[in-house]
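Protein chains: 2
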Amino acid sequence: MTNRFNEASLAEINAVMERSLTAFQEYRQISSDDKAVFLECIATEIEALGDALIVQASAETNLPAARLTGERGRTTFQLRMFANMLREGSWVEASIDTAIPDKNPPKPDIRKQLIALGPVVVFGASNFPFAYSTAGGDTASALAAGCSVVVKAHPAHAATSQMVYEAIQTAIAKTNMPKYIFQHVHGSSFEIGKTLVQHDATAAVGFTGSFAGGKALYDHAAARKNPIPVFSEMGSINPVILLPDSVNKNAASLAKQLAASITLGMGQFCTNPGLLLTVESEGLHSFIDTLGNEIEKVIPANMLHAGIHTAYDNKMHDALAQKAVVLIKHSSVVSKNIEALPTVATVNAQIFLANPLLHEEVFGPYSLLVVCKNINELIAVWKSVRGQLTTSLMGTDQDLADHPELLQIAESIAGRIVFNNVPTGVEVCASMVHGGPFPASTDSRFTAVGIHAVKRWVRPVCYQNCPQQLLPEALKNENTKRIWRLVNNEWTKNDVEC
Amino acid sequence: MTNRFNEASLAEINAVMERSLTAFQEYRQISSDDKAVFLECIATEIEALGDALIVQASAETNLPAARLTGERGRTTFQLRMFANMLREGSWVEASIDTAIPDKNPPKPDIRKQLIALGPVVVFGASNFPFAYSTAGGDTASALAAGCSVVVKAHPAHAATSQMVYEAIQTAIAKTNMPKYIFQHVHGSSFEIGKTLVQHDATAAVGFTGSFAGGKALYDHAAARKNPIPVFSEMGSINPVILLPDSVNKNAASLAKQLAASITLGMGQFCTNPGLLLTVESEGLHSFIDTLGNEIEKVIPANMLHAGIHTAYDNKMHDALAQKAVVLIKHSSVVSKNIEALPTVATVNAQIFLANPLLHEEVFGPYSLLVVCKNINELIAVWKSVRGQLTTSLMGTDQDLADHPELLQIAESIAGRIVFNNVPTGVEVCASMVHGGPFPASTDSRFTAVGIHAVKRWVRPVCYQNCPQQLLPEALKNENTKRIWRLVNNEWTKNDVEC
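Chains as they are written, first to last, in this note's numbering: chain F, 1 to 498; chain C, 1 to 498.
It is worth saying that the hints were derived from the structure and are not from the lab.
Computed from a prediction, not measured in an experiment: that's the story for all the values here.
Hints are not guaranteed to be accurate.
Since the list gives no way to pick out one identical chain from another, each pair is judged satisfied if it fits inside one copy or across any two copies.
[To be verified] Subject to a maximum C-alpha distance of 30 Å in a straight line, what follows is the list of computed BS3-like cross-link-like pairs (lysine-lysine): (1) Lys103 to Lys493; (2) Lys336 to Lys315; (3) Lys174 to Lys455; (4) Lys107 to Lys249; (5) Lys383 to Lys256; (6) Lys103 to Lys297; (7) Lys103 to Lys249; (8) Lys383 to Lys329; (9) Lys493 to Lys481.
Can you build the whole structure from these sequences, using the hints too?
Below, the structure written as structure tokens:
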């Protein structure tokens, strides 16, 4: 890929990271309310780019305007959500244990809250040029946490990224933030990523994309003299369990729902249902027929870029070429150039279990139906896949009552368990978990979506016998912002009585 | 070191980890209340060992009975604290976002809580044979989280560890827990540690001890095909900042307080104040004189074991042999055999900055006073040290008002900031942070002490459109345990109205 932006030199990256560290120190002096205004201003400035941003993004990603408009809304919503979180203030997890001087030994006064880690380097995703990119969830949560941010622009939408960067620069100027609180680096070499991750000033890393990319950054961070946290959200095949009573009763509607999810956005979602698991049942033929018919009807469309198309085409055909893998249907329309050919195939459980290639993500509008002899074989297949962002259970009340053991397996596999719905569609809310056991993400203890995404970029610090006037606002006796605090083991919004 | 226990074979370790995984799955079916009873029963069974446990531990560690009795109390307190946490129940961070069906697209019902990661391998510390060892904070927090635990017994107190293991076995039998929920492995080879950390079934690792040990385990975990979290709490030199007005006004009391902290338990604490920083001031000579006099008076005592004594003796003498390092005082009593010789020395800032060896931990009753020309030089020295568990500010109100910039530096260096007190003494409470920027610990986002230590061993999982009867207790509409939950972004103990 080439673009009109110069590849950053290593000297430039060093300068960027040094400036990021200085800006971080300045940003620490800025109030939460002012940071909230900054985040809202970024949202407003992105909106102010108007159609030009959508046109540019569509030109670079081949994504349709309606989809991009929706994604822009998600992006500005996230920025405003974190602004609200800052204004409300309880996110710092303030905890206060007051002194007990006559205890033996005397118990000191101890108070703790979360503080920002430092400069965060963000690597965005090609498939979400707004929501998981320049001003996406990683950037918004890191700026909210109090971190400075350096984004490595995705080379597949570098000009879009540049436009968003400029909107953020305008917001920085308008709200009087440190000039280098947000910086932007162009480049496509692996060396740039490695240099950013291994720079002394870098405190944490956020990544959304392929397993190869995310794991490489994780390894670079672990190899540092002082290792740093990396949250890479990587591939997932999102197993969907089709239970027999549901297949028998709802074959057609299940098939239609899944065909739509498999091909949504030409399958270019990390929550795409790439693996369907079921047992032999009366309704199975009807399900397969409808699934094939639905896929046949889907018109191929351009993928994000030629590299993704080539990878899809190769992996899809490799999967179909495996022993005993049977094509159900391709789209009936022949794909041209970088269009993806929607495809579903099927295989039996024993073949699947024996062939690791079939466990790999085929990023695009493809799904593999694994037919098992019985529920025990289905469970064996399910457990054989690695960690997942999501897993879905399609089952009637009867199915779920018949198989109470399924929930515990689902919990051990995925970050999100979906009942009777497809995995595509990630609601931005406090209860969302977008992350999961490796390799869904590099640290299953955190989510990339929702306000708790902020926890990736903070650490607790405690103050022992600190004079009132030196304590951070959230930890003073007087609870001026009326935030929730854990005071002597009880949650309260009250002041501390001393 | 040799002991009467057989070194575990690699085949044995494999069997131990397989059993741990099975026990973990069984333990998931057990209620929080029953887990609480189990933790309390462990505490009771440890107490039931009586003096025999103290005698055995004292024989293996050379620690005096009074100290060990106190540490046993801390250990049983921690177990009961986690039992209380389980009974109260809010620790699972339940979060509920109810559905909005008429939103476009419809918002699903999403609910999340924390669940256990899986089998945790714990490596205890030689200097805390109870509180950071077999049934210590890592084990207690992991069992509370819902994890199974495998402890690698510390070879320096293997028989003590075996006694505690047997007490836990009794508690397992009495409370009808899965037989292998807690297991114990003897051995001193590096290969055993590596095999435990890299076993497929291992989900997380807790370690307390040296930098070399903790970092090696971190590296083994990062090199796995599926990396896992490692919380290693490692060395720290705990810089104490002595501000000039305080030195001028309180020279003698400061010196006495610090001498006591430096030599407490023969300096064998991770929070030992190994580095004192001050500026030239009128009171400095008086401070140094008193510090030297106090250290002279301390009677050498046996260290934990010969290996620790040799390391101390070598590192202390190496430090004293460095260019321009000036001995203040040794203890006036000559040390014999494995007794530690209490020692304080001094050096100027420029020499300290230029010599990395002086930045290293000397584990034992030793501290180095660095005298700086002015506060800016002191800040440069302070910033030159790596991440710390603690840093202390000894200052009058005048000192602290004169130097408002110090708090932000302290926050960036340490997990705990102590005002006008020594760093030794780690209160077990919710607001405690025991951990800090690398290399104080391998993940500064977590604490090893206090109820939040449980967060190292859990991950969030969310349930989308899950039928009420399948939801975990904490996420059902009816809030039977009256725990705190985040419901549609508001903290409440109420039921969810639907």
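These are the hints, each one checked on the structure:
1. Lys103 to Lys493: Intra 27 Å, inter 32 Å, cutoff 30 Å: intra-copy only.
2. Lys336 to Lys315: within (17 Å within a copy, 71 Å between copies)
3. Lys174 to Lys455: Within one copy, since 28 Å is at most 30 Å while 39 Å is not.
4. Lys107 to Lys249: The answer is between: 25 Å across copies meets 30 Å, while 64 Å in one copy does not.
5. Lys383 to Lys256: within (26 Å within a copy, 61 Å between copies)
6. Lys103 to Lys297: Cα proximity of Lys103 and Lys297: across copies only (28 Å, versus 75 Å in one copy).
7. Lys103 to Lys249: Classified as between: cross-chain Cα gap 28 Å, same-chain 67 Å, threshold 30 Å.
8. Lys383 to Lys329: within (27 Å within a copy, 64 Å between copies)
9. Lys493 to Lys481: both (9 Å within a copy, 21 Å between copies)
Every hint, counting from the list given before, is met by this structure.
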